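Listed below are the residues making up each chain.
Protein chains: 2
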Amino acid sequence: MNVKALIRRVNHTLKLHKLFPEHSRILIACSGGPDSMALLHLLQDIAAHRHTKYKLGIAIVDHSIRPESKDEVLWLQNQVDALGLSFYTTTFDVPTLSKDLKLSEETVGRQVRYQWLNEIAHSEGYDYIAVAHHKDDQAESILAHLIRGTGLNGLTGMAVVSHDYDIPVIRPLLDVTKEELLAYLADRKLTYCIDSTNDDIRYQRNRIRHRIIPELESINPNVVDAIARLGCSVSEDLAVISNLTVQAFERLVTIDKNEMRLSRKALRKEPVAIQRRLWQRLMSSIDSDITLTTAHQEQLLDIVNTGEGKTFTIKSIKVTAQCDTIKVYCKH
Amino acid sequence: MNVKALIRRVNHTLKLHKLFPEHSRILIACSGGPDSMALLHLLQDIAAHRHTKYKLGIAIVDHSIRPESKDEVLWLQNQVDALGLSFYTTTFDVPTLSKDLKLSEETVGRQVRYQWLNEIAHSEGYDYIAVAHHKDDQAESILAHLIRGTGLNGLTGMAVVSHDYDIPVIRPLLDVTKEELLAYLADRKLTYCIDSTNDDIRYQRNRIRHRIIPELESINPNVVDAIARLGCSVSEDLAVISNLTVQAFERLVTIDKNEMRLSRKALRKEPVAIQRRLWQRLMSSIDSDITLTTAHQEQLLDIVNTGEGKTFTIKSIKVTAQCDTIKVYCKH
Numbered sequence: 108m109n110v111k112a113l114i115r116r117v118n119h120t121l122k123l124h125k126l127f128p129e130h131s132r133i134l135i136a137c138s139g140g141p142d143s144m145a146l147l148h149l150l151q152d153i154a155a156h157r158h159t160k161y162k163l164g165i166a167i168v169d170h171s172i173r174p175e176s177k178d179e180v181l182w183l184q185n186q187v188d189a190l191g192l193s194f195y196t197t198t199f200d201v202p203t204l205s206k207d208l209k210l211s212e213e214t215v216g217r218q219v220r221y222q223w224l225n226e227i228a229h230s231e232g233y234d235y236i237a238v239a240h241h242k243d244d245q246a247e248s249i250l251a252h253l254i255r256g257t258g259l260n261g262l263t264g265m266a267v268v269s270h271d272y273d274i275p276v277i278r279p280l281l282d283v284t285k286e287e288l289l290a291y292l293a294d295r296k297l298t299y300c301i302d303s304t305n306d307d308i309r310y311q312r313n314r315i316r317h318r319i320i321p322e323l324e325s326i327n328p329n330v331v332d333a334i335a336r337l338g339c340s341v342s343e344d345l346a347v348i349s350n351l352t353v354q355a356f357e358r359l360v361t362i363d364k365n366e367m368r369l370s371r372k373a374l375r376k377e378p379v380a381i382q383r384r385l386w387q388r389l390m391s392s393i394d395s396d397i398t399l400t401t402a403h404q405e406q407l408l409d410i411v412n413t414g415e416g417k418t419f420t421i422k423s424i425k426v427t428a429q430c431d432t433i434k435v436y437c438k439h
Numbered sequence: 108m109n110v111k112a113l114i115r116r117v118n119h120t121l122k123l124h125k126l127f128p129e130h131s132r133i134l135i136a137c138s139g140g141p142d143s144m145a146l147l148h149l150l151q152d153i154a155a156h157r158h159t160k161y162k163l164g165i166a167i168v169d170h171s172i173r174p175e176s177k178d179e180v181l182w183l184q185n186q187v188d189a190l191g192l193s194f195y196t197t198t199f200d201v202p203t204l205s206k207d208l209k210l211s212e213e214t215v216g217r218q219v220r221y222q223w224l225n226e227i228a229h230s231e232g233y234d235y236i237a238v239a240h241h242k243d244d245q246a247e248s249i250l251a252h253l254i255r256g257t258g259l260n261g262l263t264g265m266a267v268v269s270h271d272y273d274i275p276v277i278r279p280l281l282d283v284t285k286e287e288l289l290a291y292l293a294d295r296k297l298t299y300c301i302d303s304t305n306d307d308i309r310y311q312r313n314r315i316r317h318r319i320i321p322e323l324e325s326i327n328p329n330v331v332d333a334i335a336r337l338g339c340s341v342s343e344d345l346a347v348i349s350n351l352t353v354q355a356f357e358r359l360v361t362i363d364k365n366e367m368r369l370s371r372k373a374l375r376k377e378p379v380a381i382q383r384r385l386w387q388r389l390m391s392s393i394d395s396d397i398t399l400t401t402a403h404q405e406q407l408l409d410i411v412n413t414g415e416g417k418t419f420t421i422k423s424i425k426v427t428a429q430c431d432t433i434k435v436y437c438k439h
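Protein sequences, first through last, are from chains L and D. Each number in our numbering corresponds to the 1-based position in the first sequence with 107 added. Each number in our numbering corresponds to the 1-based position in the second sequence with 107 added.
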């Protein structure tokens with residue numbers, strides 16, 4: 108694929124989601140690596156293609172995991188200065204935070220990075236945060252969910268637009284493969300840094316990338332495409348089911364000050380797939396930290412199917428069933 | 108797990124699907140290998156557990172792929188005679204059929220085997236055909252679909268009951284792992300044959316079994332369980348979406364002698380996931396051989412979204428859109 112076709116493809120993704128109108132202010136999360144350096148330059152190309160100007164800012168986090176990360180920040184700062192763009196940087200001691208919080212370095216790194224990006228975008232007046240996840244990342248993310256165990260939710264992969272923080276996070280490259288990004292960088296003679304931990308298969312993500320995907324490709328060379336397409340089609344399917352769940356919730360759940368009430372008979376008419384999701388929605392609305400296990404779900408489905416009186420608790424939530432009525436409330 | 112717990116688990120699967128009532132006549136597809144030998148003995152155990160008698164018949168196909176297959180048929184015949192059960196066998200020259208029909212040996216073998224099983228079940232008066240697919244097979248089957256490229260349909264895996272032929276095909280072992288079956292065979296001191304082609308990774312299925320699953324297990328040792336559970340939850344979700352598709356079809360499609368008609372405006376109100384499936388259903392009802400590609404689907408979604416006049420063909424089917432009406436008919 109030539110550079111023009113690549114720019115058109117990224118532009119197509121952005122247009123589909125009505126993203127980056129004229130004079131948008133976009134904060135680009137950059138590591139200095141190939142993906143985010145390609146994103147930086149592609150967004151400049153998109154602005155030229157659309158005959159507009161964007162305010163682009165570049166933000167890099169030093170995670171203190173590799174000794175060379177300090178130098179990479181300086182290298183990127185020079186690149187960004189030469190381009191005349193705004194530059195933001197900060198340092199987190201991710202290894203220490205990881206130990207203190209008993210979370211993996213990947214998880215902690217992601218949390219502090221996105222939180223800081225959101226703060227900078229806020230204080231410096233950016234409309235969007237752009238990140239460089241591409242089609243290969245998408246397939247790896249879906250596989251990671253599949254391996255850990257998931258339902259439909261995990262198979263959708265990452266969204267082009269997500270709203271986990273105040274400022275929307277945008278992924279313009281989800282329809283572009285890593286190979287295409289590398290070809291773009293080579294074609295434009297652009298330089299980038301290489302993260303030495305990318306080949307370390309102690310990291311789960313690298314094991315998926317370097318061991319599992321190549322095995323899958325030996326059966327279907329286009330497996331990355333196939334998995335990314337699955338993500339898109341599952342997103343469409345999930346939209347239908349989520350919508351039905353919201354409708355069922357509104358129709359079936361009576362909300363009082365201290366409790367929620369449902370009719371067993373009415374619930375029984377709903378398909379099992381909707382019942383499971385309705386229960387998750389109901390529990391989350393009382394305690395946002397609750398994720399129902401399959402065992403919890405079976406217990407709740409069982410309550411609906413039998414007519415017996417029953418009482419049990421799931422974490423902070425009490426569920427009692429008597430005659431046709433199920434009551435759900437917080438114990439505290 | 109001990110033998111009693113295993114029998115209870117298989118019994119649970121059968122009860123959930125109201126299978127094998129008293130005096131059922133069950134034709135067991137057997138290869139002489141561990142899975143189907145375990146199935147044979149487990150169905151005898153289930154009969155005893157339920158204090159009933161089944162008429163069990165054992166059917167084996169010699170696929171003429173391995174030199175030792177003739178001996179395995181004789182070995183199995185001796186086993187079955189000793190148990191006093193009915194025995195059926197036949198030979199197909201699968202390698203030659205595979206070349207003639209330009210299909211893989213796996214595909215041809217499966218086709219001729221199921222067709223013959225169905226014929227025997229018919230002529231000999233069996234109510235069910237039982238096959239030995241277990242939980243590991245289920246996970247492999249779901250992965251095979253994922254790798255080749257699939258939507259929700261391929262992620263459901265194999266069903267406990269399927270109706271592809273006249274006589275229902277039953278899979279009583281879908282909730283049991285291979286390891287549990289081997290433990291059962293060892294515990295009961297039962298013998299079986301080993302298929303030498305099982306380790307040949309030129310076969311796609313063996314590559315999934317011996318290369319891919321172990322890699323996935325290095326990340327999550329319970330990955331087989333996780334994938335099999337995904338299959339169950341996807342089946343529930345798909346039931347909801349299929350049901351909505353049937354309803355939309357009945358509401359939106361007008362069927363005349365020679366054509367089907369739809370309103371663009373009405374179709375546009377349906378979610379994309381339903382539109383795609385409605386088109387597949389509509390095309391299959393005209394020509395059962397048609398499987399719409401993603402490109403076909405996009406073309407059809409596009410017709411719905413624009414108001415323009417358009418005409419195009421997909422294989423034997425012509426689609427014309429003018430004003431609000433889309434007409435679909437067979438060219439012949």
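Honestly, I wouldn't trust all of these hints.
It does not matter which identical chain is used: a pair holds within one copy or between any two.
As the list claims (entries may be wrong) - Lysine to aspartate or glutamate pairs mimicking EDC-like chemistry, simulated, CA-CA at most 20 angstroms apart:
hint	residue 1	residue 2
1	K177	D363
2	K425	E415
3	K209	D271
4	K206	D332
5	K425	D178
6	K364	E405
7	K376	E343
8	K376	D394
9	K125	D409
For the record, the hints were derived by calculation from the structure and aren't laboratory data. All values derive from a computational prediction rather than experimental measurement.
Outcome of the hint check:
1. K177 <-> D363: Answer is neither: 55 angstroms inside a copy and 72 angstroms across each miss the 20 angstroms cutoff.
2. K425 <-> E415: For K425 and E415, the Cα distance is within 20 angstroms only inside one copy (16 angstroms; across copies 57 angstroms).
3. K209 <-> D271: For K209 and D271, neither the intra-copy (23 angstroms) nor the inter-copy (51 angstroms) Cα distance is at most 20 angstroms.
4. K206 <-> D332: neither (37 angstroms within a copy, 31 angstroms between copies)
5. K425 <-> D178: neither (54 angstroms within a copy, 63 angstroms between copies)
6. K364 <-> E405: neither (27 angstroms within a copy, 48 angstroms between copies)
7. K376 <-> E343: between (24 angstroms within a copy, 14 angstroms between copies)
8. K376 <-> D394: Close neither inside one copy (26 angstroms) nor across copies (35 angstroms); limit 20 angstroms.
9. K125 <-> D409: Classified as between; 18 angstroms across copies, 45 angstroms inside a copy.
In the structure shown, a violation is registered for the earlier hints numbered 1, 3, 4, 5, 6, 8, in ascending order.
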